Amino acid sequence: MFSGWNLVAHGLYLFLNICSLEGGLVQSCGHIIPESPVLALGSNFTALCILNESCLDFGNIYANQIIWKTKNRLVPKEQYREINRTVSSVTFNDTTLLATPLTCNILADGQIEQNIYGITVTLGLPPEKPKNLSCIVHQVSKLRYPMTCTWNPGRHTFLDTHFRLKYRWPREGFPDCIPKDVNNSCTITDVQFFVNLEIWVEAANALGKAESDRLVFDPIEIVKPLSPHNLSVNSGILPTVLKLSWENRISAAVMKLKFNIRYRIIGETNWMQVPPEDTASPRTSFSVQGLRPYTEYVFSICCMKEDGVGYWSDWSEEKSGVTTEDKPSKGPPIWRIIDASHSPAFWTVHLMWKALEPLETNGVILRYEVTVRAKSPLSHPPEKYNVNTTSLTLKLPNGTYEVTVIAHNKAGASPSSVLLIPARNSKAPVKNIRTLPKDGKLWVGWTAPNSYVLKYVIEWCLVSNSSDCVIEWQNEPGNVQGTYLKGDIKPFKCYLITVYPLYADGQGNGQSVKAYLQQDRPSKGPTVQTKKVGKAEAVLTWNHLTVDEQNGFIRSYTIFYKTVDGNETAVTVDPSKTEYTLSSLASDTLYTVRMMAYTDEGGRSGPDFTFTTQKFGKGEIEAIVVPVCLAFLLIVLLGVLFCFNKRDLIKKHIWPNVPDPSKSNIAQWSPQVPAKHNFSSKDQMYPEGSFTDVSVVEIEADDKKSFSEQDLKPFDLLKKEKSTSEGHSSGIGGSSCMSSPRQSVSDSDEGETTQNTSSTVQYSTVVLNGYKHQTPSVQVFSRSESTQPLLDSEERSEDHAGGNDSTTQRHQYFKQNCGQDETNTARPRFERAKQITPANEEDLVGFAQLQISGQNSQPLGLGLEKNIEEATLSDVIQASTEGQTVRPETVEENPASADEMPKSYLPQTVRQGGYMPQ
Amino acid sequence: MRCNARPLGVLAAVAKGLLILCTVPTNASRSSQASYLQQTHSLVRHMAEDAQELFAFYESNQSLNVNNICQSNKWVEWLPQWDVADLQAPSALQELYGAMEHMHQALQTILQHQRDLNAPGAKLLQRLTSTHLKVRGLLNNIEALLRAHGVVPVHITLPEKPVVTKVFQQKLEGCKVLWSYSRFMSKLNADLEAKGFRDCREKRRQRRGSRRGPRANKKVRRS
Chain P
1 MFSGWNLVAH
11 GLYLFLNICS
21 LEGGLVQSCG
31 HIIPESPVLA
41 LGSNFTALCI
51 LNESCLDFGN
61 IYANQIIWKT
71 KNRLVPKEQY
81 REINRTVSSV
91 TFNDTTLLAT
101 PLTCNILADG
111 QIEQNIYGIT
121 VTLGLPPEKP
131 KNLSCIVHQV
141 SKLRYPMTCT
151 WNPGRHTFLD
161 THFRLKYRWP
171 REGFPDCIPK
181 DVNNSCTITD
191 VQFFVNLEIW
201 VEAANALGKA
211 ESDRLVFDPI
221 EIVKPLSPHN
231 LSVNSGILPT
241 VLKLSWENRI
251 SAAVMKLKFN
261 IRYRIIGETN
271 WMQVPPEDTA
281 SPRTSFSVQG
291 LRPYTEYVFS
301 ICCMKEDGVG
311 YWSDWSEEKS
321 GVTTEDKPSK
331 GPPIWRIIDA
341 SHSPAFWTVH
351 LMWKALEPLE
361 TNGVILRYEV
371 TVRAKSPLSH
381 PPEKYNVNTT
391 SLTLKLPNGT
401 YEVTVIAHNK
411 AGASPSSVLL
421 IPARNSKAPV
431 KNIRTLPKDG
441 KLWVGWTAPN
451 SYVLKYVIEW
461 CLVSNSSDCV
471 IEWQNEPGNV
481 QGTYLKGDIK
491 PFKCYLITVY
501 PLYADGQGNG
511 QSVKAYLQQD
521 RPSKGPTVQT
531 KKVGKAEAVL
541 TWNHLTVDEQ
551 NGFIRSYTIF
561 YKTVDGNETA
571 VTVDPSKTEY
581 TLSSLASDTL
591 YTVRMMAYTD
601 EGGRSGPDFT
611 FTTQKFGKGE
621 IEAIVVPVCL
631 AFLLIVLLGV
641 LFCFNKRDLI
651 KKHIWPNVPD
661 PSKSNIAQWS
671 PQVPAKHNFS
681 SKDQMYPEGS
691 FTDVSVVEIE
701 ADDKKSFSEQ
711 DLKPFDLLKK
721 EKSTSEGHSS
731 GIGGSSCMSS
741 PRQSVSDSDE
751 GETTQNTSST
761 VQYSTVVLNG
771 YKHQTPSVQV
781 FSRSESTQPL
791 LDSEERSEDH
801 AGGNDSTTQR
811 HQYFKQNCGQ
821 DETNTARPRF
831 ERAKQITPAN
841 EEDLVGFAQL
851 QISGQNSQPL
861 GLGLEKNIEE
871 ATLSDVIQAS
881 TEGQTVRPET
891 VEENPASADE
901 MPKSYLPQTV
911 RQGGYMPQ
Chain L
1 MRCNARPLGV
11 LAAVAKGLLI
21 LCTVPTNASR
31 SSQASYLQQT
41 HSLVRHMAED
51 AQELFAFYES
61 NQSLNVNNIC
71 QSNKWVEWLP
81 QWDVADLQAP
91 SALQELYGAM
101 EHMHQALQTI
111 LQHQRDLNAP
121 GAKLLQRLTS
131 THLKVRGLLN
141 NIEALLRAHG
151 VVPVHITLPE
161 KPVVTKVFQQ
171 KLEGCKVLWS
181 YSRFMSKLNA
191 DLEAKGFRDC
201 REKRRQRRGS
211 RRGPRANKKV
221 RRS
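Chains as they are written, first to last, in UniProt numbering: chain P, 1 to 918; chain L, 1 to 223.
Among the hints, a few may not be true.
Label pairs and their calculated CB-CB ranges [unchecked claim]:
1) P:Asn234 with L:Gln169: 49 to 57 angstroms
2) P:Phe158 with L:His155: 56 to 64 angstroms
3) L:Ser63 with P:Ser245: 45 to 53 angstroms
4) P:Trp271 with L:Ala34: 47 to 55 angstroms
5) P:Asp278 with L:Ile156: 47 to 55 angstroms
Dumping the calculated SDA-like pairs for lysine to any residue here, alpha-carbon to alpha-carbon at most 20 angstroms [unchecked claim]:
6) L:Lys176 with L:Arg115
7) P:Lys209 with P:Thr189
8) L:Lys123 with P:Thr122
9) P:Lys514 with P:Phe560
10) P:Lys71 with P:Val140
11) P:Lys142 with L:Pro90
12) P:Lys646 with P:Lys618
13) P:Lys209 with P:Asn183
14) P:Lys256 with L:Leu125
15) P:Lys142 with L:Pro162
16) P:Lys142 with L:Ser35
17) P:Lys395 with P:Pro382
18) P:Lys142 with L:Leu124
19) P:Lys142 with L:Gln52
20) P:Lys142 with L:Gly121
21) P:Lys258 with P:Thr240
22) P:Lys256 with L:Gly121
23) L:Lys176 with L:Leu158
24) P:Lys384 with P:Lys395
25) P:Lys166 with L:Lys176
26) P:Lys142 with L:His132
27) P:Lys142 with L:Lys176
28) P:Lys615 with P:Thr530
29) P:Lys256 with L:Lys166
30) P:Lys490 with P:Thr530
31) P:Lys486 with P:Leu359
32) P:Lys330 with P:Ala253
33) L:Lys123 with L:Glu53
34) P:Lys395 with P:His350
35) P:Lys166 with L:Arg136
36) L:Lys123 with P:Thr189
37) P:Lys375 with P:Thr348
38) L:Lys195 with P:Ala253
39) L:Lys123 with P:Lys319
40) P:Lys256 with L:Ser35
For the record, the hints were derived by calculation from the structure and aren't laboratory data.
Bear in mind that the values here come from a model prediction, so they are computed numbers and not experimental data.
Don't be surprised by glycine CBs; every beta carbon is placed ideally from N, CA and C.
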């Protein structure tokens, strides 16, 4: 029973021991030395875990079972050391790697890990020696002088570090000054002057203490006093003096002061200072001299210890004061504008003078006194004018005058300003006038004339399109050769500046120059347009930019032009020009052109303008048309001349000579009445080979188109000719076969034509030849163009021609070619002509078919070639044999093609003075 | 009258002692001694002004500015009243040192009384504290001067004073001390100023004499 209780008690004891770390209910089984150490970063550290003897007895726990952990990480066993059976140590060579907490644990029964004890390790750095300790005593009132000391606390220690400002007298110490919320400064509420104070800073934390270097000083040496107060400014008797008074807020017994006084003209920003040596002694007032009359000044003052040890006070509040008035220091600058345009005998003189600068007025200008004295030869008494303005307009006789202007204020009158108004400006002018923008102002320079110049007047005005030239001016002394314009000179505006030298006895001519304070790009570019556009050139015109648009001196124009898809070409043009001719342009091309105007600061482009060059140049059309017309006229003329010369020939071609029927001797050669005709005589009359005026129409069959429609035109002509010559037709019916083809060409005139044809006999010969010695493929047509009426004897002879050979042959001919005539041979010619018309139409159809089926007709043509030659020959023979010899082979050689071929007439040769019968 | 003349004599003696210290410096501490003298002189000037202001303020603050009640009182016995012309320098400093120790204690008493009569931070308390600080400062400077001469200041044993329980008596006692103190400091400051001017004049004369001497000798030789 006892042993059982003992076992339970032992177990409970062990449990409580182990649990004691968390609960602290009972004594721990062990502990770590040191307890909650503060360690320097980077140092080495050794901890000991000491087991209680009780644990050895009851728990069988020994030091060799101890394991160390840092933040639950097992410390390598190489760092352990078992000092004895109850003590185990662990060593860390670098505490930087040491994590907290550090725990001591045991392995109960070699496996169960039980925590014995743990400590929290604090890592940090010892304080550094505070550096740069300095102090200043701020006066906050007449009796309170707190001293503030600051220092550099050094590196961060990661620990709670306390700083204390320590100070003491040689025989007495004071409580430390402990900084509040900061670690680098502290304020001692009150210090005592003239007793040396030893002061230093002490920094302390768990790892140690550090002290700054000790300072020993008299606090009076580091005082920053309060600035003087109740500053007042009083004007003195003199207009250039103001007296300052103030109160010091530190006793002279404590500190003798020196002062610094600054002042400025009200409205200006720059301060001036009274020389420090003038205020280096204790005082409560000072008279500032050398001030401008009637000027308001602002003053401020500060102080410090007389010997310069310590700090300057802040500047006091500002106080202002005004000096009293004085006489104007100089006369107002005067100038004039003379207007002699109204009357040459009288001038309108605009006198103008400038209000004096505040520096010069020395008060309030009450009035200006203007005196005008006429110089000889004029003898007017001086005239005085009192004005309140700065200009006066007078009408004076042409002459020389001396104008004097005096400004008055309360204190007195200014020196007089004198201007000589001469009759003319004939003196030497300045030379080489030039301008230069500089420091935001416009500087004007010139070369002085050789003569002595009293002063110069620089006159300028803003050149603008929108406003008149309002003249501004200024005076400069005669010894200068350049000055800045004292006016509101605006940038990008053109100014016309004129410099006049004034001599003792007159004034010189003014020399002018234009200038800009600052240039810019033009506000717009020139608007270009074409004045004239040609084939390869275009004349461009533009207007100069106005002065307001220029914004600077136009240095050049650049014309850019391009085609729709071409590169842009630039041409630089002199700025004085307003016209330029673009050359080498492509004809009939759209060009886009724009123009830029350049100043020194750049250019700006005007709007685009497009134009199209012309297709033809100037005179080109005329050069083409005129020669063509001339050539045409020449050709016509030549043709007319030719026709005129060849009129007989043409006439014979067009209007062949028709033998006078009354002179006809056809009866003489009619074969039917050989007896009645003298054959021999006729033969003699027309000997063989003596034909004259034979109309021969040669139709050369070139190819299968030989009988094209155009080729039929002559037939039409003939038809027309026939129509026109209808009245003259003899009405011989033997030639009416010719009219049949024409009818088919002109259907509308069919009836009439047929009728006309039937009543007309044309005498002609149609010879169809091959083109260029080629064999024609058609039959030869021939007809008589004679309108000679047939005689009754002839009619009769034909009627009776049946038994005659020649008649038979001829009849056969007509039979072959005018097939239907066969049955109507006994009819009169007119009737036959009518009757054969259809046959002729068929023949024409065949003719047309011949034209269309040229290829088929070719063999036929070839076959006909010989026949034609033979027919021609036979014609000749027939003609030579007076038409009696007819070769029937001519038609018989191609009997099968007779229907296809057009009916032809026998060739007819007409002799001069008569005709050959068919 | 005698009472009034005595402190002036003490002041003159102290001033003389300070000037002697000024004119006869030791080798080692010459510069620091001069500095201490200058500081002490400035401090005395400062304290003299402060003492007058404090007295005036105290008198008005305590409503004692009627019938010169404070000024007609007897001179406090611990402020020296003898002739300063007989004062040796270290002894004069020692005398002054003892007077300031008395003053230090007297101011402590006045402060104690006034703390009962004024709220903390009252202006009178501030002024009394400031003056007390100045007296302590002067004690430090005199000790430093004495030590510079190799003299260890002797701390005097202040006699037990009867406890004044009546407030008016406390005020009046304070007024009497402050008036005597202001008079003492004013006289001391005036003597120091006068002695300082006088000594400076003598120094200039001595310098001139030292410059003229060789020349005069040369002239004599020529003649």
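Status of each hint after checking the structure:
1. P:Asn234 with L:Gln169: 49 to 57 angstroms: holds, 52 angstroms
2. P:Phe158 with L:His155: 56 to 64 angstroms: violated, 48 angstroms
3. L:Ser63 with P:Ser245: 45 to 53 angstroms: violated, 35 angstroms
4. P:Trp271 with L:Ala34: 47 to 55 angstroms: Hint violated: Cβ distance 40 angstroms, outside 47 to 55 angstroms.
5. P:Asp278 with L:Ile156: 47 to 55 angstroms: holds, 51 angstroms
6. L:Lys176 with L:Arg115: The given pair, whose Cα atoms are some 18 angstroms apart, holds under the 20 angstroms limit.
7. P:Lys209 with P:Thr189: Status violated; Cα separation ~26 angstroms.
8. L:Lys123 with P:Thr122: Outside the cut-off at roughly 49 angstroms; violated.
9. P:Lys514 with P:Phe560: This hinted pair is violated, its Cα atoms lying about 29 angstroms apart.
10. P:Lys71 with P:Val140: Between P:Lys71 and P:Val140 the Cα gap is close to 56 angstroms, so the pair fails against 20 angstroms, i.e. violated.
11. P:Lys142 with L:Pro90: Violated, at roughly 35 angstroms.
12. P:Lys646 with P:Lys618: violated, 42 angstroms
13. P:Lys209 with P:Asn183: Holds. P:Lys209 to P:Asn183 sits at ~14 angstroms (cutoff 20 angstroms).
14. P:Lys256 with L:Leu125: violated, 27 angstroms
15. P:Lys142 with L:Pro162: Violated, at about 36 angstroms.
16. P:Lys142 with L:Ser35: violated, 25 angstroms
17. P:Lys395 with P:Pro382: holds, 14 angstroms
18. P:Lys142 with L:Leu124: holds, 14 angstroms
19. P:Lys142 with L:Gln52: holds, 15 angstroms
20. P:Lys142 with L:Gly121: Cα-Cα ~16 angstroms, so holds.
21. P:Lys258 with P:Thr240: violated, 24 angstroms
22. P:Lys256 with L:Gly121: violated, 29 angstroms
23. L:Lys176 with L:Leu158: holds, 18 angstroms
24. P:Lys384 with P:Lys395: holds, 14 angstroms
25. P:Lys166 with L:Lys176: Violated: P:Lys166 and L:Lys176 sit about 36 angstroms apart, past 20 angstroms.
26. P:Lys142 with L:His132: Within the cut-off at roughly 17 angstroms; holds.
27. P:Lys142 with L:Lys176: violated, 25 angstroms
28. P:Lys615 with P:Thr530: holds, 17 angstroms
29. P:Lys256 with L:Lys166: Violated: P:Lys256 and L:Lys166 sit about 43 angstroms apart, past 20 angstroms.
30. P:Lys490 with P:Thr530: Violated, at about 36 angstroms.
31. P:Lys486 with P:Leu359: holds, 15 angstroms
32. P:Lys330 with P:Ala253: violated, 51 angstroms
33. L:Lys123 with L:Glu53: At roughly 12 angstroms apart (the allowed maximum being 20 angstroms), L:Glu53 and L:Lys123 satisfy the hint.
34. P:Lys395 with P:His350: holds, 9 angstroms
35. P:Lys166 with L:Arg136: holds, 18 angstroms
36. L:Lys123 with P:Thr189: Answer holds: L:Lys123 to P:Thr189 is near 15 angstroms, not above 20 angstroms.
37. P:Lys375 with P:Thr348: The given pair, whose Cα atoms are some 17 angstroms apart, holds under the 20 angstroms limit.
38. L:Lys195 with P:Ala253: holds, 17 angstroms
39. L:Lys123 with P:Lys319: Roughly 32 angstroms separates the two Cα atoms, so the pair is violated.
40. P:Lys256 with L:Ser35: Judged against 20 angstroms, a Cα distance of about 17 angstroms means the pair holds.
Checked against the numbered hints listed earlier, the structure breaks hints 2, 3, 4, 7, 8, 9, 10, 11, 12, 14, 15, 16, 21, 22, 25, 27, 29, 30, 32 and 39; every other hint is satisfied.
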